[in-house]
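Enquirer: Residue numbers (the numbering used here), protein chains in the order written: chain A, 1 to 118; chain B, 119 to 724; chain C, 725 to 813; chain D, 814 to 1062.
Read the hints as simulated data drawn from the structure, not as lab findings.
A quick note: this is a predicted structure, and the numbers were derived from the prediction, not measured.
C-beta: ideal position from N, C-alpha, C; glycine also.
Treat the hints with care, since some could be wrong.
Claimed, not checked - Just the calculated beta-carbon pair ranges, DEER-fashion:
(1) D/Ile1004 <-> A/Lys28: 52 to 58 Å
(2) B/Cys168 <-> A/Ala58: 30 to 36 Å
(3) B/Ser191 <-> D/Val839: 46 to 52 Å
(4) D/His981 <-> B/Glu564: 54 to 60 Å
(5) A/Asn3 <-> B/Gly322: 25 to 31 Å
(6) A/Ser109 <-> D/Ile926: 38 to 44 Å
(7) B/Gln608 <-> D/Phe1023: 55 to 61 Å
(8) C/Thr750 <-> D/Gly1006: 56 to 62 Å
(9) C/Gly809 <-> D/Tyr940: 48 to 54 Å
(10) B/Ile602 <-> D/Gly1006: 56 to 62 Å
Unchecked claim - Straight-line Cα separation of at most 20 Å, DMTMM-like style, residue types lysine to aspartate or glutamate; simulated pairs:
(11) A/Lys28 <-> B/Asp702
(12) B/Lys145 <-> B/Glu277
(13) A/Lys69 <-> D/Glu1058
(14) C/Lys799 <-> D/Glu1052
(15) C/Lys799 <-> D/Asp853
Unchecked claim - Where chain A lies over chain B, by a calculated footprint (3+ residues, C-beta under 8 Å):
(16) 259 to 269
(17) 279 to 293
(18) 697 to 706
Residues per chain are reported as follows:
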Amino acid sequence: MPNVLHLLPYFVAAWLFFCGLYGIVSSKHLVHSVMCLAILQSSTYILLLSIGYRVGGAAPVFADIAPGKRTVDPVVQALMLTDVVVEAVVVALLLAMVVKAHERSGTVSPDELRTLRG
Amino acid sequence: MTAPSPLTPLPVAVPLAGAALLACLRKWLNRTVADTLGIALAAATLLISCFLLASAMHGNSIYWFGNWFPRYSIVLGIGFAVEPIGVGLAVLASTLTLLSLVYSWRLTDSGSNHFQPLMLIFLAAMGGFSLTVDVFNLFVFFELMSTAAFALCGLKTREPAPLQGSFNFAVTNTIAAFLILTSIGFLYAMTGALNMAQIGLALGSRHDPCVLFAFTLMICGFFIKAAMVPFHFWLPDAHAVAPTPVCVLFSGLMVQLGLFAVARLRFIIFAQTFATHEEALQLILLSMGVVTVLIGGVMCYAEHHLKRMLAFSTICHAGIMLLAIALGSPVALAAMMVYLVAHAFIKGGLFFTSGLLLHRLRAIGERALFAKGKGLSWTAALWFLGAAGLAAAPPFLLMTGEAGISSAAEEMGRPWISWACLFGGAITAAAVLRIGMHTFFGWGVEPITDEAAEVGELPETAREDRRTFWYRFAPATACVLIPILLAGLQVWQGVLRDASSVFTSQAGMLHLVYTGSTVAKHLPGWSEALRGSTVRGIIAFLLAVLLACTSVFRLNLKRSLRLGAFLESGIRPLRVLQSGHPGDYVLWLTIGLASLSAASVLLLRR
Amino acid sequence: MMWVGAGLFLLVAVTGFGVVRTRDVTSQVIALSFYGMLMALVFFFFQAPDVALSQITVGAIALPLMVMLAISRLKYRTAAQRNRGERDA
Amino acid sequence: MREAVRTRLFFIFGGIFFLLFCYAAVDLPPWGSYRGPYGDVIARVGVYERHATDAVNAVNYDYRAFDTLGEEFILFAAVLGVMMLLRREEGASTHDVGRVVDKLHLSTTVRAIAMLAILVTVVFGFYIGLHGQLTPGGGFQAGVILASVPFLLYVCENTESFRRITSHSAVEVMEALGAGSYALIGLSPLIIGAPFLTNFLPLGKTGDVFSSGTIALISACIGLEVTAAFLLVGYTYLEEIITGEIPEE
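Please put together the full structure from these sequences, using the hints given.
Expert: Structure, rendered in structure tokens:
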């Protein structure tokens, strides 16, 4: 049985994924759904961050440490940077849809958006 | 090693640079110039992709961006595989985009010239998605494709429906992207690599819960894009509201690219994972495919909104393609690719034709169109030819694909798959025929309708001009004629079969990544299966006519014979599920996710 | 070190749930901004300064700002339509 | 579906998913024991090969620069999408509902401090942007920081100058130029026969501001694009409020 501490970040990632899904499923306000999506996204941050982490590893910046020293993984951090941009982008686009949908149908509640049924 | 063609990055780079140029000059270009530039760039991309395809036919190669070759076994950079299947999809993407841009020439709303650059970005993303062999790069292009698609879907901002449709689309597909990213995280943690072949090599035949869970997350992500039941709810909403030229790209290629990605993963990354559980995996995928075909087909017949009907037919046909992938043999994959190409054109043609109807008759609901289309002989011809194409009747290319799938299924001992193909073809064709009989002939009594068909779609074109110019007819005609031409042309099918022997072999891909070239094996064709498939195609078309007639002439029939009318009114519980509520859709997504991961983690382990 | 990290992770988990449970959008934006800041702290703590920097700028500032702008636009539109309705009546 | 049913169903299936996620994660390598090899190889060779001391940016702008190209175009597409969704439809007339009158009156001291803050932000933004290849930061972060300057102006009541800066067509051109020149930087090595996005410029001396070839150049393009992108999104959301005109229904 591995130490729970060594798996904690993965459990937190799973939990955030669950929370995000829960928020969207139970949402009553479209802007709220969008923010829940941002929480869902942060699950991937935690997962990627903890995958590349190494106990005692330095940050992968060799400006003040000697090359060749043990560092944490730079690749996942590059992936996370992409992820951060994706988050901002998706939120901006979804919010624009919500704003426009509100202008057209006067509501921001998913329960009242019922033009697409059946 | 084979030197890769220097053209390799251009199917992505040219449309991207072009999109930036167009967006830069957006405010100062008038509509005609912007359209011309867009068409020229799409045509240039098509030309480049064709050259690339020619070079890929001479031998497969791999292109390393930034000149980063692998060091020993570690892949440093991102690679594009230049092999006929991926490049062929890039060609298909640029062809469809070109046709769509021609269709939208000058008249349809361009959202103050935002439309053309977004279409070009969409094109670039589809190209990159089909060429890349790096999982994270696949994710990036997935997200790029999605972002452009979300925006394009909501182009018609005058109505509330497009915004809701694109919101549902965006929420579900963004969750798909995070599923894929989580899976990439798992794979990276296990193998420390991002190149597909290297991951596959490192994973070997491991099949602990971790690998299986990563597999499930990845395929669920792509199944959301590919609209497999129960992940399909977003698709009809998005397709019903998107502008016609965008629908063509969504239905013709975007959805199927999800399945293409599933095939890539299954054959490269997880090739050895299921070596001992091939049977169980097939069972899971096949049952999903069958459910998708059934629900897609039944719902398709029950729709009275032209675009929604076509959207469900896409779900049904995507289910058939999943059946082919589930079989997992090289022949099945080649057949699936043939099916994909044929379906893309036929479905594109039908969407273009429905756009023509919206343009000419200013309506898109079946009842509103009733008997209005008398005298539109060209449009009617295109519509009925499209129906025959969907039924996989000869001489359309879809029949060739169906024959291949059937022969592969026969070989694997699952002959019932050809019946699933027949069902899917017949019922979707019947829906198209029914609408055609109502609209163009005015047969029968006024058709029944439902709430969804009433989503008043505002016409996409200016009211003053109801004439139909050649540039509106040409894309539709091309889409219907190309599959007939391709069915006659045998050469490319041989190339495709050989290419799929590389595509489906992990060893072949590894060889390609590490040595820069690979040799294709020769695969036998399936010409002996064509005869059976011709018969089935004709039967499917006749059944479709019969079914459509039981619906159109329902009042002249005894109650027990009104099968069409019964199906047309829809199966209540199924229709209720299609609620248009993002919360419901995400719930169904969760249910699918939980059941698939439970199935794969618990059943496939052992 | 590990234990501090574990504590941070738990804090993230709790805050994340809190953000989801906050039903009032205006309060949720504030919560989201706090969450973004916390996330940046986690990144910084686990040797990812690059990501931490972009998380501060995007997650803690730009993202909540965008949501705020969207909410204010929703409110503005509602108020403008109400005013207009009163004027017409 | 009724809400109670929906939530209950979600707890069942979402719970199953959560448990399976945790179950699968048990087989992952324990936290804190990253074992490579990809990241380690890059950390080891990055400084020598690219003369960039920030390995993350070496990955982002060189080893995996093609991903970043895609990422920048994701941002680009999204900004186009936001502008398109919130556009004024052609031919729609607008009516004036009156601008929001600023109720806040800031004292001169507060304004002076705000101006100082703006100055500091600009300097900080450029610093972060120019040293991307050396220390944490880079074009993206710098872009977001610089984009916050007009918002600071907006906050300290100067809505007019905010409008004048952000509504300018130049912002849109700047964004497209940033994204487009990234693609062009990628294309230019094709002329000398090298693959797309090859770092073809002289690498310079490690630790210099002008070192590491195209990494610094790409970073600058991204900075340009990101600054403009965030300004455009912000302005698009605020347009109605600061001009006080909403379209006639």
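Enquirer: Give me the numbers of the hints this structure contradicts, sorted from smallest to largest.
Expert: Result: hints 2, 3, 10, 12, 13 and 15 break, sorted rising.
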